[in-house]
Amino acid sequence: EPEVTQTPSHQVTQMGQEVILRCVPISNHLYFYWYRQILGQKVEFLVSFYNNEISEKSEIFDDQFSVERPDGSNFTLKIRSTKLEDSAMYFCASSERAVQETQYFGPGTRLLVL
Amino acid sequence: DAKTTQPPSMDCAEGRAANLPCNHSTISGNEYVYWYRQIHSQGPQYIIHGLKNNETNEMASLIITEDRKSSTLILPHATLRDTAVYYCIVRVAHYGGATNKLIFGTGTLLAVQP
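Sequence lines, in order, name chains A and B. For the first sequence, position 33 (counting from the first letter as 1) is numbered 451 according to the working numbering, and the numbering increases by one without interruption. For the second sequence, position 97 (counting from the first letter as 1) is numbered 105 according to the working numbering, and the numbering increases by one without interruption.
What the hints contain is simulated information worked out from the structure, not anything from laboratory work. Be aware that one or more of the hints could be misleading.
Unchecked claim - With a straight-line cut-off of 30 Å between C-alpha atoms, the simulated DSSO-like cross-links for lysine-lysine are:
| id | chain 1 | residue 1 | chain 2 | residue 2 |
| --- | --- | --- | --- | --- |
| 1 | B | Lys60 | B | Lys11 |
| 2 | B | Lys77 | A | Lys496 |
| 3 | A | Lys460 | B | Lys77 |
| 4 | B | Lys77 | B | Lys60 |
| 5 | B | Lys109 | B | Lys60 |
| 6 | A | Lys475 | A | Lys460 |
| 7 | B | Lys60 | A | Lys496 |
| 8 | A | Lys475 | B | Lys109 |
| 9 | A | Lys475 | A | Lys496 |
| 10 | A | Lys501 | B | Lys60 |
| 11 | B | Lys109 | A | Lys460 |
| 12 | B | Lys109 | B | Lys77 |
| 13 | B | Lys11 | B | Lys109 |
| 14 | A | Lys501 | A | Lys475 |
| 15 | B | Lys109 | A | Lys501 |
| 16 | A | Lys460 | A | Lys496 |
| 17 | B | Lys11 | B | Lys77 |
| 18 | B | Lys77 | A | Lys501 |
| 19 | A | Lys501 | A | Lys460 |
Computed from a predicted model, the values in this text were never measured in an experiment.
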């Protein structure tokens, strides 16, 4: 069964460093999303991406964040200068261009900023 | 904010049916009810969704009341591996083009007991 994959599974970085989180969405999907979940808190929407453009973003998704689809398979989330409060699980999701657009999630990347 | 209300926790005996309620009294006519679950800190897993008719798939059944103000997710024979947080999410179906972020609440922690 097709699934969303994410790498790395864990990432530890120093405050102020740049990180890139990678996702491979399901191959025939056209809509891509990033969510995050701070430990013990709700899953929060960050950004959605379609046709090489950001479709929607939350107030969390400030200038420190960017997304890109550098090739036909990868979808990346970059955090330019990490802060302690960026420590969280980051989930990628994708959906097909269909009426109901069910989103399928990857296993997540656990980011720890020291 | 999430448009749904769920009990914070429930217990279920292994092998018995788990019935998870969700209240969505402000649901609109074109809004679907989606259920996801999250095991430990893994990525949310899609379970099922529906608009007004009851739905069943290999994982669960979804019963939606006639007025659509509430629904129940049924896991017919719960196992220990069904222990997870279950999220009931109301979302608008878009026919392509517009994005459709998921707004997660705090969900119901289902504990399946041996």
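Does the structure break any of the earlier hints, and which numbers would those be?
2, 7, 10 and 18
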